[in-house]
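> So the chains spell out like this:
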Amino acid sequence: MAFEGLSERLQQVMNRIRGKGKVTEADVKEMMREVRLALLEADVNFKVVKDFIKRVSERAVGQEVMKSLTPGQQVIKIVKEELTALMGGEQSQIAVAKRPPTVVMMVGLQGAGKTTTTGKLANLLRKRHNRKPLLVAADVYRPAAIKQLETLGKQLNVPVFSLGEHANPVEIAKQALERAKEEHYDYVLIDTAGRLHIDEALMDELKEMKEAVKPDEIFLVVDAMTGQDAVNVAQSFHEQLGITGVILTKLDGDTRGGAALSIRAVTGAPIKFAGMGEKLDALEPFHPERMASRILGMGDVLTLIEKAQAAVDEEKAKELEQKMRTATFTLDDFLDQLGQVRKLGPLDELIKMLPGANKIKGLANIQVDEKQIARVEAIIRSMTKEEKMHPEIINGSRKRRIAKGSGTTVQEVNRLLKQFDDMKKMMKMMTNMPKGKKKGFRFPFM
Amino acid sequence: MGFFQKLKEKWTKQADAVTEKFKEGLSKTRNSLAGKVNDLIARYRKVDEEFFEELEEILIAADVGVTTVMELVDELKMEVKRRNIQDPAQMRDVIAEKLVDIYRAGADDKELSALNIQEGGLTVILFVGVNGVGKTTTIGKLAHKLKSEGKSVLLAAGDTFRAGAIEQLEAWGERVGVDVIKQAAGSDPAAVMYDAIQAAKARGVDVLLCDTAGRLQNKVNLMKELEKVKRVISREIPGAPHEVLLVLDATTGQNAMSQAKLFKEATDVTGIVLTKLDGTAKGGIVLAIRNEMAIPVKLVGLGEKMDDLQVFDPEQYVYGLFADLLES
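Quick note, the sequences are listed as chains A and B, same order.
FYI, in the working numbering the residues of the first sequence are 1 to 446.
FYI, in the working numbering the residues of the second sequence are 447 to 774.
Simulated from the structure, these hints should not be mistaken for lab results.
Cβ coordinates follow ideal geometry from the N, Cα and C atoms, glycine included.
Don't take every hint at face value.
Unchecked claim - Heads up, simulated DSBU-like pairs for lysine-lysine below, C-alpha to C-alpha not over 35 Å straight-line:
{"#": "1", "chain 1": "B", "residue 1": "K492", "chain 2": "A", "residue 2": "K54"}
{"#": "2", "chain 1": "B", "residue 1": "K674", "chain 2": "A", "residue 2": "K399"}
{"#": "3", "chain 1": "B", "residue 1": "K482", "chain 2": "A", "residue 2": "K343"}
{"#": "4", "chain 1": "A", "residue 1": "K279", "chain 2": "B", "residue 2": "K597"}
{"#": "5", "chain 1": "B", "residue 1": "K647", "chain 2": "A", "residue 2": "K147"}
{"#": "6", "chain 1": "B", "residue 1": "K544", "chain 2": "A", "residue 2": "K29"}
{"#": "7", "chain 1": "B", "residue 1": "K665", "chain 2": "A", "residue 2": "K343"}
{"#": "8", "chain 1": "A", "residue 1": "K399", "chain 2": "A", "residue 2": "K371"}
{"#": "9", "chain 1": "B", "residue 1": "K647", "chain 2": "B", "residue 2": "K674"}
{"#": "10", "chain 1": "A", "residue 1": "K371", "chain 2": "B", "residue 2": "K665"}
{"#": "11", "chain 1": "B", "residue 1": "K707", "chain 2": "A", "residue 2": "K80"}
{"#": "12", "chain 1": "A", "residue 1": "K404", "chain 2": "B", "residue 2": "K674"}
{"#": "13", "chain 1": "A", "residue 1": "K54", "chain 2": "B", "residue 2": "K527"}
{"#": "14", "chain 1": "A", "residue 1": "K418", "chain 2": "B", "residue 2": "K670"}
{"#": "15", "chain 1": "B", "residue 1": "K527", "chain 2": "A", "residue 2": "K47"}
{"#": "16", "chain 1": "A", "residue 1": "K210", "chain 2": "B", "residue 2": "K751"}
{"#": "17", "chain 1": "A", "residue 1": "K147", "chain 2": "B", "residue 2": "K591"}
{"#": "18", "chain 1": "B", "residue 1": "K597", "chain 2": "A", "residue 2": "K47"}
{"#": "19", "chain 1": "A", "residue 1": "K147", "chain 2": "B", "residue 2": "K751"}
{"#": "20", "chain 1": "A", "residue 1": "K50", "chain 2": "B", "residue 2": "K751"}
{"#": "21", "chain 1": "B", "residue 1": "K670", "chain 2": "A", "residue 2": "K279"}
{"#": "22", "chain 1": "B", "residue 1": "K492", "chain 2": "A", "residue 2": "K174"}
{"#": "23", "chain 1": "A", "residue 1": "K54", "chain 2": "B", "residue 2": "K482"}
{"#": "24", "chain 1": "A", "residue 1": "K154", "chain 2": "B", "residue 2": "K492"}
{"#": "25", "chain 1": "A", "residue 1": "K47", "chain 2": "B", "residue 2": "K523"}
{"#": "26", "chain 1": "A", "residue 1": "K207", "chain 2": "B", "residue 2": "K751"}
{"#": "27", "chain 1": "B", "residue 1": "K707", "chain 2": "B", "residue 2": "K597"}
{"#": "28", "chain 1": "A", "residue 1": "K80", "chain 2": "B", "residue 2": "K665"}
{"#": "29", "chain 1": "B", "residue 1": "K544", "chain 2": "A", "residue 2": "K80"}
Stated by the list, open to error - If you only want the chain B side, here are some residues facing chain A, beta carbon under 10 Å, derived:
{"#": "30", "residue": "K482"}
{"#": "31", "residue": "I506"}
{"#": "32", "residue": "S598"}
{"#": "33", "residue": "T698"}
{"#": "34", "residue": "N701"}
Take these sequences, add in the hints, and give me the full structure.
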């Protein structure tokens, strides 16, 4: 995951100071030297690093630490607070125009991921905000960029406005806006061509477009792997266009994410979303506080809970609980549940949101094979209705048939049945426990 | 003869067009880095600790990377002691010299930048890299370059994942006038490669350029897929691919190290293409990669036009960075 390298280094430093009963100026100084290196290696802009170190140092040797009973913890708290502040403090929402449609311009360098992100944003607006977006293909320069957006539109079932690749981008944006007004769209998402921030002609085109469609949001799309130059790019785009927000992409890589920490500090524009994967639903609202907590290895349970809320059907969950209590949980229910868990997103990403997960050996670098889950599903689907209800009737010949039907082996079928059996036993134990505690619940693919 | 004199001589001997391209492409980069070093040299009366600290910051800001910068500065300090340098003005030569040294460390010019093109046979070049670095565009530009050198070229549309990627390569194929071997979106990239190799053999082309989907280097499954693509190529033509080029975005920071490392593990990268060097980014990371990973840069992308792909020359690169210093 992103930030991992930074996270690891910072945690090492933090662990040294955590238990200290007394924090001297020398302690802080030494710690800050380490923090400085860690941040620089993570591509945080060197000016931002300087500022950050200065602020933390001042607070750390000040009153609030000296008076505290647990000075070590207090210093960590300060680092977290400053880290959060660096990334923008509060989470900020996407704008909503007083009179729809809300116009959003997507701008950025080549290859930052504008087109993909535009598609993802449309998906998010429709699914989570229940809004009707219109995609606008205004990248007339890169070969097949329009085709790319059209393909995305088709996959998402969101209409795409295009005038072909010979039209003027400003004209495209204007006409798209007209169309959106006529057909009552809530959002107009304009995908512009990637350009260098120093390319005057192309920057002028964006200014013209801004003038013509008066966007409510101008999102700068930034590759999270960008180095020290990130601030120059952001600053330049900001000065020329007045960006209202930043979307970080490719945050599912192993980048240390310095750009994320620098851009907000330099432009003052908040990071609103982050791209977390190749799939079209992999765009997340950016929460500075949660991100700071992840960087410092404190986990991100809030996001995990929200994801679960969004993906899990409340009714079904209740039904499931009932079944668990009465021990009538069948393989069919299990299949259902697998589907729900998969909706939460890649499992390895989920695991990393657990507090302290990176400290547990073997869990930090776990690579969950999604295919393994598919195999489990295939096995269950190859069973008859009766077998699913009463797995105990599955004998040798049935097992062979199931294995054949699912393209697996008898051993795999056996393993699944055994695990399912264990699970049921555990559920029985749980129903005897006080309400709702589901400790030690294990899925058969982990 | 001073180091810069040598550089200048070499520079002026180069074909003017190429030189201009380099200078033009690097002008933004040059302005900031050279300007800063120049400013630094002008402000200091003597070479001291503070001077080095500021130099450190300038280099870090160029993405050279903390480890490499520390090493470099240590070496510079030794050099200053050895030559007993007091005047900051003398530092120009020393800094540039060290930068080129890092780059060259134990390799000759040929090995450094020439593409391994098989004379009289099929050369297969595989392009790999993370998303959005410019793989497809680089292939288009290289196809144009090779074609204008009189070689016959074929393209393989191995990015079957990203929406519009095949169409993008096709558009380049049309523009340059070379054929593209493709399958439907979503098909197995290894199968596309197989087809492309058969087609390349049948048509007797000189160079086959293979596109692949961008992938983040920490996605194990996707890296495995890439290993398979390479395996298929090697199985069909022993010794191929003759080059595996990692395409790197010059604006990338320290993550480029991780990219170089993991892509090298998966596909045994033989060279780097540094793209988007016409922005303000300095691509200082190539120094770090060369220093720590020993992978040479072979090509650089200096602009949007079809002929903006150039063979990388470390001395030209450093000269490009410092040209203003020299001329002032």
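> Confirm or reject each hint.
Structure-based check of each hint:
A hinted pair counts as satisfied when its Cα atoms are at most 35 Å apart, and K492/B with K54/A qualifies at roughly 28 Å. Our distance criterion of 35 Å between C-alpha atoms is met by K674/B and K399/A, whose separation comes to about 33 Å. Taking the CA atoms of K482/B and K343/A, the gap is near 51 Å; set against the 35 Å cutoff, the hint is violated. For a cut-off of 35 Å, the pair hint linking K279/A to K597/B is broken: about 39 Å separates their Cα positions.
A hinted pair counts as satisfied when its Cα atoms are at most 35 Å apart, and K647/B with K147/A qualifies at roughly 31 Å. Between K544/B and K29/A the alpha-carbon distance is near 32 Å, which keeps this suggested pair within the 35 Å criterion. Taking the CA atoms of K665/B and K343/A, the gap is about 19 Å. The hint holds against a cut of 35 Å. Among the hinted pairs, K399/A with K371/A is consistent with the structure: their alpha-carbon atoms are about 21 Å apart, no more than 35 Å.
In summary, the hint linking K647/B to K674/B is supported, as the alpha carbons are separated by about 20 Å, within the 35 Å threshold. With a CA separation close to 14 Å, the supplied pair K371/A and K665/B stays within the 35 Å bound. Taking the CA atoms of K707/B and K80/A, the gap is about 31 Å. The hint holds against a cut of 35 Å. For the hint pairing K404/A with K674/B, the CA-to-CA distance comes to about 27 Å; that is within 35 Å, so the pair holds.
At roughly 33 Å between alpha-carbon atoms, K54/A and K527/B fall within 35 Å of each other, so this suggested pair holds. A hinted pair counts as satisfied when its Cα atoms are at most 35 Å apart, and K418/A with K670/B qualifies at roughly 31 Å. For the hint pairing K527/B with K47/A, the CA-to-CA distance comes to about 30 Å; that is within 35 Å, so the pair holds. Our distance criterion of 35 Å between C-alpha atoms is met by K210/A and K751/B, whose separation comes to about 27 Å.
In summary, the hint linking K147/A to K591/B is supported, as the alpha carbons are separated by about 26 Å, within the 35 Å threshold. Between K597/B and K47/A, the direct Cα distance comes to roughly 49 Å. Violation of the 35 Å bound is thereby established for this hinted pair. Proposed proximity of K147/A and K751/B is supported: the alpha carbons are some 21 Å apart, at most 35 Å. For the suggested pair K50/A and K751/B, the alpha carbons sit about 39 Å apart, so the restraint of at most 35 Å is broken.
Between K670/B and K279/A the CA atoms are separated by roughly 19 Å; this keeps the pair inside 35 Å, and the hint holds. Restraint check: the Cα-Cα separation between K492/B and K174/A comes to about 59 Å, which exceeds 35 Å; the hinted pair is violated. A distance of roughly 24 Å separates the Cα atoms of K54/A and K482/B; the hinted pair therefore holds under the 35 Å criterion. Proposed proximity of K154/A and K492/B is contradicted: the alpha carbons are some 65 Å apart, above 35 Å.
Note on K47/A and K523/B: the hinted pairing holds, with a Cα-Cα distance of about 24 Å set against a maximum of 35 Å. Between K207/A and K751/B the alpha-carbon distance is near 23 Å, which keeps this suggested pair within the 35 Å criterion. The hinted pair formed by K707/B and K597/B meets the criterion: a straight-line CA distance of about 32 Å does not exceed 35 Å. Our distance criterion of 35 Å between C-alpha atoms is met by K80/A and K665/B, whose separation comes to about 29 Å.
This hinted pair does not check out: K544/B and K80/A have alpha carbons roughly 40 Å apart, beyond 35 Å. Checking K482/B against chain A by beta carbon gives a least distance of about 12 Å; that is not within 10 Å, so the hint is violated. Against a cut-off of 10 Å between C-beta atoms, the interface hint on I506/B holds, since the closest Cβ of chain A lies about 5 Å away. With a least beta-carbon distance of about 22 Å to chain A, the hint placing S598/B at the interface is violated under the 10 Å criterion.
Interface hint at T698/B: satisfied, since its Cβ lies 5 Å from the closest Cβ of chain A, which is below the 10 Å cut-off. Below 10 Å, beta-carbon pairs count as interface contacts, and N701/B has one with chain A at about 4 Å; its hint therefore holds.
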